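The primary structure of each chain is shown beneath.
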Amino acid sequence: MDKKSKFKRALEVFWSFFKIGAFTIGGGYAMLPLFQKEVVETKKWLTEDEIVDVYAIVQSVPGVIAINASIFIGYKIGGIAMSIVSALGVILPSFIIILLIAPILILYNENPYVIKAFTGVRAGVTALILLSAIKLGKKVVKDPFSLILAATAAAIMLFTDIGAIWVILGSALIGLVLQGYRRKDQKE
Amino acid sequence: MIPLIGEEITRHGWIMQEEFANIVAVSQMTPGPIAVNAATYIGFKVAGIWGSAFATLGVSLPSFILVIVVAKFFEKLSNSKYFEGVLSGIRPATIGLIAAAVWFFADMSIFVLNEASKLPLWLENSSAGSFFQTIKINPAALLIFLVILIGTKKFKLHPIAAVALSALLGLLIL
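Chains A and B, in that order, give the protein sequences. The first sequence runs 393 to 580 under my numbering. The second sequence runs 38 to 211 under my numbering.
These are computed hints drawn from the structure, not numbers from a lab. Be aware that a few hints might be false.
As the list claims (entries may be wrong) - Simulated restraints, written as ranges between beta carbons of each label pair: (1) 45/B to 540/A: 38 to 44 angstroms; (2) 535/A to 183/B: 50 to 56 angstroms; (3) 99/B to 565/A: 33 to 39 angstroms; (4) 190/B to 574/A: 34 to 40 angstroms; (5) 502/A to 39/B: 15 to 21 angstroms; (6) 172/B to 435/A: 40 to 46 angstroms; (7) 193/B to 572/A: 39 to 45 angstroms; (8) 530/A to 109/B: 17 to 23 angstroms; (9) 183/B to 435/A: 27 to 33 angstroms; (10) 499/A to 115/B: 49 to 55 angstroms; (11) 99/B to 435/A: 25 to 31 angstroms; (12) 569/A to 144/B: 55 to 61 angstroms; (13) 472/A to 41/B: 42 to 48 angstroms.
To be verified - Straight-line Cα separation of at most 20 angstroms, PhoX-like style, residue types lysine-lysine; simulated pairs: (14) 173/B to 530/A; (15) 118/B to 527/A; (16) 530/A to 190/B; (17) 395/A to 411/A; (18) 530/A to 193/B.
Stated by the list, open to error - Here chain B is said to cover these stretches of chain A; the calculated rule only asks that three of the stretch's residues, wherever they fall, bring their Cβ under 8 angstroms from a Cβ of chain B: (19) 396-410; (20) 506-514; (21) 520-527; (22) 534-545; (23) 550-564.
On a predicted model such as this, the values are computed, not experimentally measured, just so you know. Backbone N, C-alpha and C define an ideal beta-carbon position, used for all residues, glycine too.
Bound conformation, chain A alone:
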């Protein structure tokens, strides 16, 4: 790629992540449906499998899921340079919006209309994440083993105080051990 098209690409990536940052309300998981739409379906920078891997990895790394995911996706699109672009893109809207409206919003965050709109967004986001979970689930959950793992992970998050990082580490270990057995079977 020559310099000009590289710059154009960077602008395109920046704008995509800027839009995602500007319209995600509710943090890292709420961002998933937007990544799927923009990065996978519209721009085709990543495949659906790769998005699953991104989410699998970013949850095992400390830090902010939304930023981690943006950095990882940016890196996959075009290395370290692009990961800076995508991180800036996703952070900038927050930054501008907070500086402009947070001083006002902090006076009204118990205002009934603000709460109504916000609760409405949460209900909508519930539907969006559910659809993402189903779509990605269809790709990943294909046998009884993966179904049990997925269900167990969800149950641990819902019913215990165990952190996501332990769920990820545990499932990594289980995957590794089972892979070892599979390899052994093949050899014999």
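Please build the complex by placing chain B on the supplied structure of chain A, with the hints as guidance.
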């Protein structure tokens, strides 16, 4: 991460505990990563625009370094059978975590009838109202959930439009 931020800023005496609760509420209501929102706001309170810039940089930089290191490993290991094994465990667990997130969002909108998601006024004093109170479902929030679900699935509603529509419907019927 939010409790960690709270601990740190109250230790430094930058912001009072009570104000912090408000900041978290606002950070959740404004677009973008919650931790970035909180960092930007607190940074501005403590040291103006540069404070917010550096607070945001501070909250993002460790992520940046870690994720790049992990991403490089990921490339190197992508042909390893054992790494494939690790991923075959993590991938389904990730779906489980995402499914759990669905529940958390539902719990803060459709299910709980606390201050944040109590029954809409037009329902509160009717017999239907007491029915929904018993089953702990906010029918208006459930309706928004269904509209967005069907709108996205059947009519290819864009997620950005879906978020805007949910806010509007929330104002109108919640």
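In terms of beta carbon proximity below 8 angstroms, does the stretch 550-564 of chain A have 3 or more residues touching chain B? With 7 residues in contact (Cβ-Cβ under 8 angstroms with chain B), the coverage given for the stretch 550-564 of chain A holds.
Is residue 530/A close enough to residue 190/B, meaning Cα to Cα at most 20 angstroms? holds, 15 angstroms
Closer than 8 angstroms, Cβ to Cβ, for at least three residues: run that test on the stretch 520-527 of chain A against chain B and report holds or violated. holds (count 6)
Go ahead and decide if the range 25 to 31 angstroms is satisfied by the Cβ distance of residue 99/B to residue 435/A. The hint (25 to 31 angstroms, Cβ to Cβ) holds, given that residue 99/B and residue 435/A are roughly 28 angstroms apart.
Between residue 172/B and residue 435/A, does the beta-carbon spacing fit 40 to 46 angstroms? Given about 43 angstroms between the Cβ atoms, the range holds.
Given hint residue 193/B paired with residue 530/A - CA-CA distance at most 20 angstroms: At roughly 19 angstroms apart (the allowed maximum being 20 angstroms), residue 193/B and residue 530/A satisfy the hint.
Closer than 8 angstroms, Cβ to Cβ, for at least three residues: run that test on the stretch 534-545 of chain A against chain B and report holds or violated. holds (count 8)
Starting from the hint 17 to 23 angstroms, judge whether the C-beta atoms of residue 530/A and residue 109/B obey it. violated, 30 angstroms
Tell me whether the statement that chain B covers the stretch 506-514 of chain A is true, taking a Cβ distance below 8 angstroms and needing three residues at minimum. holds (count 9)
For the range 50 to 56 angstroms, tell me whether the beta carbons of residue 535/A and residue 183/B fit it or not. violated, 32 angstroms
Are residue 499/A and residue 115/B spaced within 49 to 55 angstroms by their CB atoms? With Cβ atoms ~50 angstroms apart, the hint holds.
If you draw a straight line from the CA of residue 395/A to the CA of residue 411/A, is it 20 angstroms or shorter? violated, 24 angstroms
Against the hints set out earlier in the document, violations occur for numbers 2, 3, 8, 12, 13, 14, 15, 17, 19.
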